[in-house]
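Engineer: Chain by chain, the residues run as shown.
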Amino acid sequence: MNSAFTFKVNTRGVLLNLNPEVKFEILKEELKNHVNGASTFFAGVDLYLNIDGCCFQADQVREIMDIISGYQDVNNIYFTSKGSSSKNENRYKRDTVLIKGTLRSGQKIKYPTNIVILGDVNPGAEVIAGGDVIILGKLRGVVHAGARGMVEAQVIAFKLQPTQVRIAGYISRSPEEGISSEKLFKPERAYVKDSAIVVEELSI
Amino acid sequence: MAGKVIVITSGKGGVGKTTVTANLGTALAMDDNRVCLIDADIGLRNLDVVIGLENRIVYDIVDVVEKNCRLEQALIRDKRHNNLFLLPAAQTRDKTAVTPYQMKELTNTLREDMDYIIIDCPAGIEQGFKNAIAGADQAIIVTTPEVSAVRDADRIIGLLEAEGLKDPDVIINRIRMDMVEKGNMMDIDDMIEILAINLLGVVPEDEYIVVSTNKGEPIVLQDKTKAGQALKNIARRIQGEELPLMSLERDTLVKKIKRIVGLA
Ligand SMILES: Nc1ncnc2c1ncn2[C@@H]1O[C@H](COP(=O)(O)OP(=O)(O)OP(=O)(O)O)[C@@H](O)[C@H]1O
Ligand SMILES: [Mg+2]
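Just so you know, the protein sequences line up as chains P and F, in that order.
Using the working numbering, the first residue of the first sequence is number 1, and each one after it goes up by one.
Using the working numbering, the first residue of the second sequence is number 1, and each one after it goes up by one.
The shape of chain F in the complex, shown without the other chains (with noise of 0.2 Å):
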């Protein structure tokens, strides 16, 4: 089996990385993947809460590289899907307590038993993202509709560029219809715009994520919510399939995003 490698990050914090991380994660293992998620954010770690596996980390990636423990011992098996695992982040070390070398080698070894393996980065682009990126295959940049979070995707796209990280997409998460349509917050198309690159996904704003997010449960698992939906849309995306984007939208303002992305 060779696993792909999938980076998450953003450059500006705080946009919903750890939140599209687990959700993607999980929606993967519920479409029957074998999927390791890896908590990229050293000293900062909070994917297992997110996830709901706080309680039973014993080692760490910082134990994995330093090689006080193998691997499978520091891999936690979701509680949910046996099929989902996570690489918890240390919590009393810092970002230089891995290297891009050894970020390399772990994801490398990963690969071989894992369809997916999907990388939570910290926010920021120093030694963390660095090590974030190292082993990914494709990176997925996740923004919000301001213009700083924009600003900052389109920073994180030029650095990912000069690492040989091609062609990532986007996810625009946390969008509120009636502001964009009250042209109180970026529109779609005009952020597709700028970053001229393929759009992934919608993320609809929702305050049950918050729920969600303070339960240890995330969203997907969850039948109704939009938000929920539109992150299994995502997965979906991932694997391959051709999904329109969600009634979220406007049809017209599909339409252009279809233009700009290319696909009509």
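Next comes chain P alone, as it looks inside the complex (with noise of 0.2 Å):
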């Protein structure tokens, strides 16, 4: 993959790896585009910025400094050149966290993995996810999938008339009218197509 750059998660926060082989310019437009699609996903968490094998000049790196920290309330940005990892950029993909249980108004969970609920989200929870949320239940809250800028992700749930979906950079609410009363399940899918959220039944 020719990224401009990948993440990574540890216990210490995010490591955010820099693709040596890409040029500075396209490295820099890439790194905007995913500041402003990232909203606060960032909010009170460590940045690591793994250089390694880069090389870059003083006023370079500035203007590196300058766009990260755009990252609404990221808490401390760091330097780092421990050899990377850069070939894992879909790794938290597969990391997934589970929440057994309904969500309630007032409630608010935030990973920067999947998330799969066992449950419904009610009107006034909000799921935030790296990648994917699936939720086996209602989804009538607020879902923001690939907050950090992954377009790819996606929702799903058995039933789809949330608040407002976001997918990275996209928002999307559901009809203000005619939400249906209908008591069949049907799993539906949120995607972004074409720069917009559309929704599909899922078939299995």
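Treat each hint with caution, since some may be false.
The calculated lysine to aspartate or glutamate pairs, modelled on DMTMM-like cross-linking and capped at a C-alpha distance of 25 Å, are [unchecked claim]:
| id | chain 1 | residue 1 | chain 2 | residue 2 |
| --- | --- | --- | --- | --- |
| 1 | P | Lys110 | F | Glu161 |
| 2 | P | Lys159 | F | Asp190 |
| 3 | P | Lys159 | F | Glu193 |
| 4 | P | Lys186 | P | Glu126 |
Think of the hints as simulated: they come from the structure by calculation, not from any bench.
Join these two chains into a complex; the hints should help.
Structural biologist: Below, the structure written as structure tokens:
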């Protein structure tokens, strides 16, 4: 994969591996896009910038710092050059957090991984995931999948009636009228297609 | 004797917690239980007014926890039922005057002498709420058929679970079937579907409740009102009886509710 950077989550925070083979201009662009799409996902998180193998000029480093500090409320930013595992770019996609039970109004969960919920997500509850969100129940609250910019992320629920769904930088709401009171469960999937969030019935 | 401690809570204010507390307490006493009501709404007490005992208050809950008096001195005996007692709130203090630990001690003492201890919780999710639920074995959530009240009820269920109070029941108060049928009010089964907890009863909107509140006479003392009957039925369900929901709701609706709450 030729992406300009990859992420890895560890116990201390998030490791951001910069790809030494990508042109600085492209790196800058992609970082900017990512920062814009990431919202507050990095709030309170320590960010480790892995510049292993990279060769930057002083003002390039400054530029990167400027961009990175655009992650809202990010805690500390460190530089490292530990031998990176940049081939592991999809690593967090494989990690999944399992939530047992219904999330009620006022409850909020946030993980840089995929999240699977064995219950409903009620109005007023919030789920933020770095990867996919799968709800084995009804979704009526707010979900943000791919919250760190992963556009391929998807949201799946037995009943998809969210207050709001966000995938990476895209937002969509349920139609205001016509909330069907159908009692039948019909699993649906929301994902990004042609720059918009679309919902389709899940065919299993 | 090991009495049961039940907290009546809601999150949102003004949905009928105090009304429900006074009426369930009275109804349980009418069924020959020894009952103590605790007004945990310190600083905004009004359970005493609703049950008509305001002019008998000498000591209050803060006096008890601060050991200005003994518990028995603060308990006010009801004027109609000698097995019903009220521990009033202090009016001149605030919610920080009592701690959750003190509430636990207090309810544990009362447990020895009562069948039911019913706590009227203040609105909100702060200190007063935490105090009120501290000693409870069971929670009853009161809500009205409004989106905001149901949302708050859902929040409260989450907070109760976090405090180890599992499986609360819900009472839906002030329902107007004419409005529900016209689609102008939240449907009962929509509410139960979101909250996903056991429905203990539905109390209709009844103007006599306002009259009875002002007179300090709980509506369960009246024979013919629908709201009074609904509250009496709830008291019987609390005592373990299995009663169908009143015919306020259409048949199909009752069936749906039963299905949702797992009775059928
Ligand atoms: N079923 C009903 N029909 C008509 N009026 C009602 C009904 N239930 C409650 N009320 C009225 O609603 C008002 C608020 O009730 P109540 O004081 O019991 O609510 P509360 O939840 O204890 O309020 P707070 O949060 O302020 O403690 C009162 O005036 C009461 O008479
Ligand atoms: Mg009250």
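Engineer: Hints first: check each against the structure and report whether it holds.
Structural biologist: Status of each hint after checking the structure:
Of the pairs offered as hints, the one joining Lys110(P) and Glu161(F) holds, with about 20 Å between alpha carbons and a cut-off of 25 Å not exceeded. Under the criterion of a C-alpha separation no larger than 25 Å, the hint pairing Lys159(P) with Asp190(F) is consistent with the structure, at around 14 Å. Among the hinted pairs, Lys159(P) with Glu193(F) is consistent with the structure: their alpha-carbon atoms are about 13 Å apart, no more than 25 Å. Taking the CA atoms of Lys186(P) and Glu126(P), the gap is near 22 Å; set against the 25 Å cutoff, the hint holds.
The structure fails none of the hints (numbered hints given earlier).
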